[in-house]
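Assemble the complex: chain A is given as a structure, and chain B must be docked to it using the hints.
Just so you know, the protein sequences line up as chains A and B, in that order. According to the numbering used here, the first sequence is numbered sequentially starting from 309. According to the numbering used here, the second sequence is numbered sequentially starting from 8.
Accuracy of the hints is not assured; some may be wrong.
Claimed, not checked - Derived Cβ-Cβ restraints for the label pairs, each shown as a range:
hint	chain 1	residue 1	chain 2	residue 2	range
1	B	Ser87	A	Gly324	44 to 54 angstroms
2	A	Thr420	B	Asp15	43 to 53 angstroms
3	B	Ala36	A	Lys365	17 to 27 angstroms
4	A	Thr328	B	Glu121	15 to 25 angstroms
5	B	Glu121	A	Lys317	38 to 48 angstroms
6	B	Lys75	A	Thr323	42 to 52 angstroms
7	B	Arg84	A	Thr323	38 to 48 angstroms
8	B	Lys119	A	Thr420	17 to 27 angstroms
9	A	Asp334	B	Ile18	18 to 28 angstroms
10	A	Ser375	B	Glu27	20 to 30 angstroms
11	B	Glu27	A	Val320	38 to 48 angstroms
The hints are simulated quantities; they were obtained by calculation from the structure and are not laboratory data. Ideal placement from N, C-alpha and C gives every residue a C-beta, glycine not left out.
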Amino acid sequence: NAGVTQTPKFQVLKTGQSMTLQCAQDMNHNSMYWYRQDPGMGLRLIYYSASEGTTDKGEVPNGYNVSRLNKREFSLRLESAAPSQTSVYFCASSDMGTATYEQYFGPGTRLTVT
Amino acid sequence: AQSVTQPDIHITVSEGASLELRCNYSYGATPYLFWYVQSPGQGLQLLLKYFSGDTLVQGIKGFEAEFKRSQSSFNLRKPSVHWSDAAEYFCAVVILTGGGNKLTFGTGTQLKVEL
Numbered sequence: 309n310a311g312v313t314q315t316p317k318f319q320v321l322k323t324g325q326s327m328t329l330q331c332a333q334d335m336n337h338n339s340m341y342w343y344r345q346d347p348g349m350g351l352r353l354i355y356y357s358a359s360e361g362t363t364d365k366g367e368v369p370n371g372y373n374v375s376r377l378n379k380r381e382f383s384l385r386l387e388s389a390a391p392s393q394t395s396v397y398f399c400a401s402s403d404m405g406t407a408t409y410e411q412y413f414g415p416g417t418r419l420t421v422t
Numbered sequence: 008a009q010s011v012t013q014p015d016i017h018i019t020v021s022e023g024a025s026l027e028l029r030c031n032y033s034y035g036a037t038p039y040l041f042w043y044v045q046s047p048g049q050g051l052q053l054l055l056k057y058f059s060g061d062t063l064v065q066g067i068k069g070f071e072a073e074f075k076r077s078q079s080s081f082n083l084r085k086p087s088v089h090w091s092d093a094a095e096y097f098c099a100v101v102i103l104t105g106g107g108n109k110l111t112f113g114t115g116t117q118l119k120v121e122l
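Bound-form chain B, shown alone:
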């Protein structure tokens, strides 16, 4: 069955430090992958997505992610974290069905930023 794993439940980084959030997927075909961010009390906002082509994708707010098929990974990175990046981050994979597309989410990584 398709699944998404985010191994880190909580991560704390200092403001200005670099960030990498891990995501591993299990999917038989070429995956369509997403990273979403959820600020406290808010809905989910799309950060970036990968469908095909260049394996390094750029997103909003200075985030990027790299698709590595050999490692079944789609890790999210940011060179310099800002205090406003504190939020929960979700990796997701699309499952294509004849009746529609469904997202399977990881369990999320809570990011804390220390000033």
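If we strip away everything but chain A, and leave its shape as in the complex, we get:
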């Protein structure tokens, strides 16, 4: 049981390049989330998917797109990376059915945009 996995762990991009961050969970959770973490700002929600087939914007969605590929996988895409997107990105999942509201986090992807 790996929990929440993220790839890659580290990435360096040049301004204007695109990339997709991958996230998968093996806990059969309904809901999945993407956050970014910046110094002094805590974690901010980018997008979330309450269930397979649905996605919604969070607090800071501009410059990102997401795809809920199936129940297990939730990807985050940067179409044209900007230096302001340099951050650590975390994926999380939770099980709405249990009403515990606890979210389980992946290890993160550290992204640098030059």
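Okay, now just chain B, sitting in the frame of chain A:
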């Protein structure tokens, strides 16, 4: 709007000393509250959570937190800190929506432990 405030950005304590990390929330309904810990280079791990009932909740690693509705606070405590507790700590509140639950995080408190 719902929010979480952690007033202390950095805290330094000596190993063996007691610890209290402050968290205040702003939320109209009964809050569901969490404390997470993040060790350097790692993801977030849940320490404890409060939904209802007993206002003093116990968590992992010897941590506890007390919910005080009158003060809108959910402070994290530990009687005796270990060097391995050095990490960043985040308080969070769940916002329930029709389309899912969302966590709002505080900005975090960085804990340094002096040997």
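Okay, Thr420/A versus Asp15/B on CB: inside 43 to 53 angstroms? violated (29 angstroms)
Between Thr328/A and Glu121/B, is the Cβ distance one that fits in 15 to 25 angstroms? Distance hint for Thr328/A, Glu121/B is violated at roughly 43 angstroms.
Glu121/B paired with Lys317/A, Cβ distance criterion 38 to 48 angstroms: violated (31 angstroms)
Would you say the C-beta atoms of Ser87/B and Gly324/A sit inside 44 to 54 angstroms of each other? holds (52 angstroms)
Tell me if the beta carbons of Lys119/B and Thr420/A are separated by a distance inside 17 to 27 angstroms. holds (26 angstroms)
Take a look at whether the Cβ-Cβ distance between Lys75/B and Thr323/A falls inside 42 to 52 angstroms. With Cβ atoms ~47 angstroms apart, the hint holds.
Using the Cβ atoms, figure out if Asp334/A sits within 18 to 28 angstroms of Ile18/B. For Ile18/B against Asp334/A, whose Cβ atoms are near 36 angstroms apart, the range 18 to 28 angstroms is violated.
So does Ala36/B sit 17 to 27 angstroms from Lys365/A, Cβ to Cβ? holds (23 angstroms)
Is it true that Glu27/B and Val320/A lie within 38 to 48 angstroms of each other by Cβ? Check passed, 40 angstroms falls within 38 to 48 angstroms.
Is 20 to 30 angstroms respected by the C-beta to C-beta distance linking Ser375/A and Glu27/B? This hint is violated: roughly 43 angstroms between Cβ atoms.
Okay, Arg84/B versus Thr323/A on CB: inside 38 to 48 angstroms? holds (45 angstroms)
Hint compliance for this structure: hints 2, 4, 5, 9 and 10 are broken, all remaining hints hold.
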